[in-house]
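So you can see what is in the structure, the chains are spelled out below.
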Amino acid sequence: MPNITLGWMDYSIMLIYVGFVLGIGQALRKYMKSSNDFFMSGRSIPAWVTGLAFISANLGALELVGMAASGAKYGMMTCHFYWIGAILAMTFLAVFMMPFYYGSKARSVPEYLNMRFDGRVRCLNSISFAIMTVFASGISMNALAKLLNSLLGWNYHLSLWICSGVVLLYVLKGGLTSAIYTEVLQFFMIVLGFSPVVYLGLKDVGGWSVLKEKLAGVAQNPASIGVGEKSFQPDAWTGAWSPMIQGASSNPMGVDIFAMVFGLGFVLAFGYWCTNFLVVQRAMAAKDMSAARRTPLIGAIPKMFIPALVILPGMIAAGLAFTGKDGYRLPPKVIAESAYEKIIPAVKNAAATGLTGEAAVQEVAKAAGMKMIPAKVDEIIKAAPTLSDADIKGRVQNAVAENDYDGVILSLVKRYCPPGLLGLALTALLASFMSGMAGNVTAFNTIWTYDLYQAYIGRSKSDAHYMWMGRAATVIGILISIACAYFAAMYNNAMDVIQLVFGFVNAPLFATFLLGMFWKRITATGAFLGLLLGTITSAAFHALTLATGNAPGVKGGYVTVIQSFPSEMAQNFWLASFAFLTCLFLTTAISLVTKQTKTDSELTGLVYSLTPRIKSADEVWYMRPGIQAVALLAVCLVLNIIFF
Amino acid sequence: MTLDICWPIGLMFSLVGAMLTVFGLVTRASEEMYKRSLDININLWWGLILLAFGGLMLFNAWKNSKKVK
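Here the protein sequences come in this chain order: A and B.
With this note's numbering, the residue at position 467 of the first sequence is 467, and numbering never jumps.
With this note's numbering, the residue at position 26 of the second sequence is 26, and numbering never jumps.
Hints are computed from structural coordinates only; laboratory data are not their basis.
Note that the Cβ used here is the ideal one computed from N, Cα and C, for glycine as well.
Mixed in with the good hints, there may be bad ones.
Derived, one-sided and incomplete: chain B residues facing chain A with beta-carbon distance under 7 Å [claimed, not checked]: (1) 2; (2) 16; (3) 20; (4) 23; (5) 34; (6) 36; (7) 38; (8) 46.
Below 25 Å or equal to it, Euclidean Cα-Cα: the simulated DSS-like pairs (lysine-lysine) are [as the list claims (entries may be wrong)]: (9) A:393 / A:366; (10) A:325 / A:230; (11) A:30 / B:66; (12) A:287 / A:173; (13) B:63 / A:287; (14) A:287 / B:66; (15) A:325 / B:35; (16) A:414 / A:203; (17) A:348 / A:333; (18) A:520 / A:595; (19) A:287 / A:105; (20) A:393 / A:146; (21) B:67 / A:287; (22) A:230 / A:30; (23) A:105 / A:33; (24) A:30 / B:63; (25) A:30 / B:67; (26) B:35 / A:414; (27) A:461 / A:173; (28) A:371 / A:325; (29) B:35 / A:203.
Here chain A is said to cover these stretches of chain B; the calculated rule only asks that three of the stretch's residues, wherever they fall, bring their Cβ under 8 Å from a Cβ of chain A [stated by the list, open to error]: (30) 8-15; (31) 39-45.
Between the sequences and the hints, there should be enough to build the whole structure, so can you do that?
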């Protein structure tokens, strides 16, 4: 495995960053006077700060790594995770939902559910959310430690504990404000750390128009860089919408327009951006209603352009690999050290017995457990008698045909960054891992303290007690995250299973909020049963469907397969749509046959029809959220047309 | 009033920017090192950009602090 060696300059930049985040925690310490300061930043943060934190909390390192991977695998269509899959939902949150979240004085999303419905809905949502956040941060920490280990040769355990320790220190000192401030710092780190890499990559490949030509080549012959067998129309990697017009089978993502617009753009996007406490908490910390509503709107501006920073590198990598410029290829999957015990004898055996061609390649591929490039394996076998074991290892690794997409972004960093800039880019990555963990931990400690501890265990204690509990929850949350990281490291499938469960929980959630906020007839029983049954439905949907090419099991279809989808992505989008509609239908039906236990006055400020409109007439017209939302949507529409 | 975030952002990027600029100047003769970045002394140029960004943030912070007083 080719490691990256860091110089003193690179380490200095990393240390400066760590020094600054710890310094921010220390400087904020004196402002943490009550639990309100610790959990909600005393509702005092200006809109541009909460706005950047709002998108930054979502721009974790797994996102950075994963979006570049998808950029190489699926091309331009990946941008929909930032456009239709985010902007619509963010403007909806700002214009229609924020008045209830912020105006109700709820301190968390589950607390809003408690006000609108009852303790059962709150309990269901807060427990599932608390579990999800610690697992999410555990998965991400495991990925970080693994990356630092394979790339820089750092010790896995040491990286895990040191990074967690830094996060623990600054969250303990500065609470949510610390987390928000470091998220903003991280936002600028990512923008300023990755743009030179993208600039150099684009310049190297020959500019956007040359990249488009190369990607047309990739689309017609994806097998040439190992991203798939089937060939597509030339625009499959460079169009955002055009590859979907002829249906799911005409694009590498395997998704049709309905699944994209309804599944991703409506159900998944609204479910995430409008109900996930991790992001909504940032807006709740804003200094007033106007700032809270502007939080998602301000976040939406950079959000639209982030694809240039995170998806474009993946497309550049695919383009470079297509022509094999300076020997560049998409990084191969790494062969486990233990597999060489079988591979080296297999190679030597083939050389000794004069085995060549297809049969020899298959022997080696079987030993490695991966597809291999036949020509390269042939070469190795021919040269084997003169090669040392270490040489064979290196060459076999290079002959792996399967791509490690998650390594795409770092392969570019390594290719273009001289010492100095290298430190900056890697610090940006480190920053996004740490702030991702801080975001999860601050959401976890708030939910635990307010929605579980205060609601069920320790009622009416002193404020100092809750603040102490918040700090304790921070420590416990980080310890559980570390445990989850080890768990994810132990079981390869752990990550798939966990992400699956996230899907089950998230998919129906938006139906509950939508109905609850806009229809006063919805009852607590209806919401609770609808949400519970919606979650069960999505689990059942998963058990009965499968994406083509996957074996029944973790990926679905383990009961029986009654419907198959062209891709996993399509399966996810349809699962979400199905769960949403089930929850919508059941919540409505059950509400209509049960009695509304809350009076109209109890629901004032929580339901649209019973809440007086916010008068924004005193603001200049261009500062009104509705107007800004329309302007943002127009810009997003233009982007979609340009890259149609 | 809490800590103005422009201070730490401004300070950090000015510091890192200054370091990269100086590093770029010192290593400007090394063709080997900058072959990777397509023969551009990216440390020098990007260092200057970071310095400018950091300076802007510091100016902002300074302006905000005067407004509060």
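Checked hints:
1. The beta carbon of residue 2 of chain B comes within 5 Å of a beta carbon in chain A, closer than 7 Å, and the hint placing it at the interface holds.
2. Checking residue 16 of chain B against chain A by beta carbon gives a least distance of about 6 Å; that is within 7 Å, so the hint holds.
3. Hint status for residue 20 of chain B relative to chain A: holds, with the closest Cβ pair at about 5 Å, below 7 Å.
4. Against a cut-off of 7 Å between C-beta atoms, the interface hint on residue 23 of chain B holds, since the closest Cβ of chain A lies about 5 Å away.
5. Below 7 Å, beta-carbon pairs count as interface contacts, and residue 34 of chain B has one with chain A at about 6 Å; its hint therefore holds.
6. With 7 Å as the threshold, the beta carbon of residue 36 of chain B comes within range of chain A, its nearest partner Cβ sitting at about 5 Å, so the hint holds.
7. Evaluation of the residue 38 of chain B hint against chain A yields a held restraint, the C-beta minimum of about 6 Å falling below 7 Å.
8. Residue-level restraint check for residue 46 of chain B holds (minimum Cβ-Cβ distance to chain A is 5 Å; threshold 7 Å).
9. The straight-line distance between the Cα atoms of residue 393 of chain A and residue 366 of chain A is roughly 15 Å, inside the 25 Å bound, and the hint therefore holds.
10. Proposed proximity of residue 325 of chain A and residue 230 of chain A is supported: the alpha carbons are some 24 Å apart, at most 25 Å.
11. Taking the CA atoms of residue 30 of chain A and residue 66 of chain B, the gap is about 22 Å. The hint holds against a cut of 25 Å.
12. Taking the CA atoms of residue 287 of chain A and residue 173 of chain A, the gap is near 21 Å; set against the 25 Å cutoff, the hint holds.
13. Simply put, residue 63 of chain B and residue 287 of chain A have alpha-carbon atoms about 20 Å apart, close enough for the 25 Å limit, and the pair holds.
14. Taking the CA atoms of residue 287 of chain A and residue 66 of chain B, the gap is about 20 Å. The hint holds against a cut of 25 Å.
15. Straight-line distance between C-alpha atoms of residue 325 of chain A and residue 35 of chain B comes to about 15 Å, which keeps the hinted pair within the 25 Å bound.
16. Using a Cα cut-off of 25 Å, the hinted pair residue 414 of chain A and residue 203 of chain A holds, with the two alpha carbons roughly 16 Å apart.
17. As the CA atoms of residue 348 of chain A and residue 333 of chain A are separated by approximately 22 Å, the hinted pair is consistent with the 25 Å bound.
18. With a CA separation close to 12 Å, the supplied pair residue 520 of chain A and residue 595 of chain A stays within the 25 Å bound.
19. In summary, the hint linking residue 287 of chain A to residue 105 of chain A is supported, as the alpha carbons are separated by about 12 Å, within the 25 Å threshold.
20. Between residue 393 of chain A and residue 146 of chain A the alpha-carbon distance is near 21 Å, which keeps this suggested pair within the 25 Å criterion.
21. A hinted pair counts as satisfied when its Cα atoms are at most 25 Å apart, and residue 67 of chain B with residue 287 of chain A qualifies at roughly 18 Å.
22. The straight-line distance between the Cα atoms of residue 230 of chain A and residue 30 of chain A is roughly 60 Å, outside the 25 Å bound, and the hint therefore fails.
23. For the proposed pair residue 105 of chain A and residue 33 of chain A, the alpha carbon gap of about 19 Å is at most 25 Å, so the pair holds.
24. At most 25 Å may separate the alpha-carbon atoms for a hinted pair to count; residue 30 of chain A and residue 63 of chain B meet this at roughly 23 Å.
25. A hinted pair counts as satisfied when its Cα atoms are at most 25 Å apart, and residue 30 of chain A with residue 67 of chain B qualifies at roughly 22 Å.
26. For the hint pairing residue 35 of chain B with residue 414 of chain A, the CA-to-CA distance comes to about 13 Å; that is within 25 Å, so the pair holds.
27. Distance restraint check for residue 461 of chain A and residue 173 of chain A: the Cα-Cα separation of roughly 22 Å lies within the 25 Å cut-off, and the hinted pair is therefore satisfied.
28. This hinted pair checks out: residue 371 of chain A and residue 325 of chain A have alpha carbons roughly 23 Å apart, not beyond 25 Å.
29. A C-alpha spacing of about 14 Å is found between residue 35 of chain B and residue 203 of chain A, which places the hinted pair at or below 25 Å, so the restraint holds.
30. Chain A is given as covering the segment 8-15 of chain B, and this holds because 6 residues of the stretch bring a CB closer than 8 Å to a CB of that chain, at least three being needed.
31. Under a criterion of three residues with beta carbons nearer than 8 Å to beta carbons of chain A, the stated coverage of the segment 39-45 of chain B is upheld, 3 such residues being counted.
Hint 22 alone, counting from the list given before, is not met by this structure.
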